[in-house]
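Colleague: Protein chains in written order, with the working numbering: chain A, 1 to 186; chain B, 1 to 341.
Careful, some of the hints might be misleading.
Under the rule of at most 35 angstroms between Cα atoms (straight-line distance), these lysine-lysine pairs were calculated in the DSBU-like manner [said to hold, decoys possible]:
hint: 1; chain 1: B; residue 1: Lys224; chain 2: A; residue 2: Lys90
hint: 2; chain 1: A; residue 1: Lys156; chain 2: B; residue 2: Lys151
hint: 3; chain 1: A; residue 1: Lys74; chain 2: B; residue 2: Lys212
Simulated restraints, written as ranges between beta carbons of each label pair [to be verified]:
hint: 4; chain 1: B; residue 1: His13; chain 2: A; residue 2: Glu88; range: 43 to 51 angstroms
hint: 5; chain 1: B; residue 1: Arg324; chain 2: A; residue 2: Glu49; range: 22 to 30 angstroms
hint: 6; chain 1: A; residue 1: Asn159; chain 2: B; residue 2: Leu326; range: 33 to 41 angstroms
hint: 7; chain 1: A; residue 1: Val43; chain 2: B; residue 2: Leu236; range: 22 to 30 angstroms
hint: 8; chain 1: A; residue 1: Cys16; chain 2: B; residue 2: Arg324; range: 13 to 21 angstroms
hint: 9; chain 1: B; residue 1: Arg242; chain 2: A; residue 2: Lys140; range: 16 to 24 angstroms
hint: 10; chain 1: A; residue 1: Gly171; chain 2: B; residue 2: Met41; range: 50 to 58 angstroms
Since the hints were derived computationally from the structure, they do not count as laboratory data. The beta-carbon is built from N, C-alpha and C at its ideal position, and this holds for glycine as well.
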Amino acid sequence: MTRYAMVMDQRRCIGCQSCTVACRTWNELPMDIIYNPVVSEGVLGEFPEVHQTFTPLICMHCDNPPCTICCPCKASQQDEDGIVWVDETKCMGCKVCVNSCPYGARDVNHDEGFVRKCTFCKDRVREGEQPYCVATCHQKARIFGDLDDPESDVSKLVNRLVTERFFEELGTDPQVYYIPDLGGVK
Amino acid sequence: MSHKMDTNKLEKHYWIWPIAWYLFLGGLGGGILFAAGILDMVFHAGYILALGVLFAVACLGIGSMLLIFELGQPKVFLRVFLSATAIIKWGACLLILAMGFGFIYFLFWLPPEWNLFWYPWLWIRDLCAVLMALFGLCVVVYTGVLLSTMKAKPFWNTPVLPVLFTVSALSTATAALALLAGMWPSYEYILAMIGSDAMAQAMAGEVLHANKEVMMEILHIADKILVIAEIVVLLLYVLTTRASGNLTAKAVALEWISGKKALLFWVGMMLCGLTIPFLLYQLGGVGAEYVAPVLVLAAGLLLRFMIVYSDRRRSMPGEEQYYRRLPKGDERFLQGWKAPY
Chain A
1 MTRYAMVMDQ RRCIGCQSCT VACRTWNELP MDIIYNPVVS EGVLGEFPEV HQTFTPLICM
61 HCDNPPCTIC CPCKASQQDE DGIVWVDETK CMGCKVCVNS CPYGARDVNH DEGFVRKCTF
121 CKDRVREGEQ PYCVATCHQK ARIFGDLDDP ESDVSKLVNR LVTERFFEEL GTDPQVYYIP
181 DLGGVK
Chain B
1 MSHKMDTNKL EKHYWIWPIA WYLFLGGLGG GILFAAGILD MVFHAGYILA LGVLFAVACL
61 GIGSMLLIFE LGQPKVFLRV FLSATAIIKW GACLLILAMG FGFIYFLFWL PPEWNLFWYP
121 WLWIRDLCAV LMALFGLCVV VYTGVLLSTM KAKPFWNTPV LPVLFTVSAL STATAALALL
181 AGMWPSYEYI LAMIGSDAMA QAMAGEVLHA NKEVMMEILH IADKILVIAE IVVLLLYVLT
241 TRASGNLTAK AVALEWISGK KALLFWVGMM LCGLTIPFLL YQLGGVGAEY VAPVLVLAAG
301 LLLRFMIVYS DRRRSMPGEE QYYRRLPKGD ERFLQGWKAP Y
């Protein structure tokens, strides 16, 4: 089995927004839609020990996605490899999935009418390539791979380092793991 | 292209006024079907409430139309029935069933001189009364459940919300029934239905007249109780979310209690929408007959709007700051250089 997942190494992210721009280019997004903003927190800490945290956001491709069970049209769906995506011809644009996502990963453009979201670039991934945001990241802060493969970078990182996930208490089981900028070996 | 771009995803409302109106009309229509069905079963007061049932079916119909036209791609809306798990699918089915049984029930109250062939089949009417009450109640509960299942919206994600919506829907429904009761079919018209014998007319007239008075009294008392219940549940809702451990829910509740929605909440909802109607019902007269029900209906609509626009999502760390820094008002510039191919 394949289970695609992503690791965000916040120790390496410098907040350059290259991934944001790359994503817009590859997926030809409308102007008002952003799949993967890089948000920042800080300056944190006390001088001289100060730091700033950059958090690349993206759809978490949850194992228990609240956005697919609420879709009445079966347009919002999850494939066997874990990728959550929207079939835009089947989506009637009721926006219930947009409201149900705790991560704000979904958006809808007024002129198009259907819901859009990150697909882990499944057109690229299924041809053996990396998602475009991962391929673009010159800091190697975004790492993508198969979590079920013990030799993959993501499974090594997730198993050896301290990682965090967002809003785990909601039971969504998100599959994007963050290595905190002050994190380290287990 | 003239559409204004809204890049701040945290402050963007994905569900807007059509949804608020739909939640109001769905609750009102479903509530009327429930109340009319029950009252017909218990008091055999169907003729007083017939117009209310037609009004309820119209409310549900208009609400469904609003839902469909609010969709991004209305041409694929029939796909709504495909999923087994989606709450919206169940809502759509319940709406259709409630409207259908309500309409069939109403067909038995058409003018008697039309002599339609189904008039003698009274068991169908009684069956429809039961079914429309059942599915009406389901629609009412569904409008609240739809919002309360959303884990992403902390202010909605509480079991008190369906209770609040149910109580509010029943209070608006009772108010609407009180406004419409006895308006049609008219008193004379009912007499015509009974027969031409003068003695029978006089007796039946007395009974019917008393019935209408009694029915109004029942509706007013029911609405008084429901208004009090709504005050309690609404306070519980806002105060429990205020005390909630979720900071987002807490912030929205504070907006209601002492923030930018406080005037609407305390003066609009609590005072004008619930307390004053209760006092007017208590005083009786024109105020109880016309003003109080209208105020209760307005409060129901205001409540749906306030809740639909309290759809704040919990911010990811740093997200708020990010969206605040995105450019605003640059739509023409950003879209002006699009290649013309």
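Colleague: Next, verify each hint and record whether it holds.
Modeller: Hint-by-hint comparison with the structure:
1. B:Lys224 x A:Lys90: Roughly 47 angstroms separates the two Cα atoms, so the pair is violated.
2. A:Lys156 x B:Lys151: 31 angstroms, holds
3. A:Lys74 x B:Lys212: 49 angstroms, violated
4. B:His13 x A:Glu88: 43 to 51 angstroms: 22 angstroms, violated
5. B:Arg324 x A:Glu49: 22 to 30 angstroms: 27 angstroms, holds
6. A:Asn159 x B:Leu326: 33 to 41 angstroms: For B:Leu326 against A:Asn159, whose Cβ atoms are near 37 angstroms apart, the range 33 to 41 angstroms holds.
7. A:Val43 x B:Leu236: 22 to 30 angstroms: 42 angstroms, violated
8. A:Cys16 x B:Arg324: 13 to 21 angstroms: 20 angstroms, holds
9. B:Arg242 x A:Lys140: 16 to 24 angstroms: This hint is violated: roughly 45 angstroms between Cβ atoms.
10. A:Gly171 x B:Met41: 50 to 58 angstroms: 42 angstroms, violated
Checked against the numbered hints given earlier, this structure breaks hints 1, 3, 4, 7, 9, 10; the rest are met.
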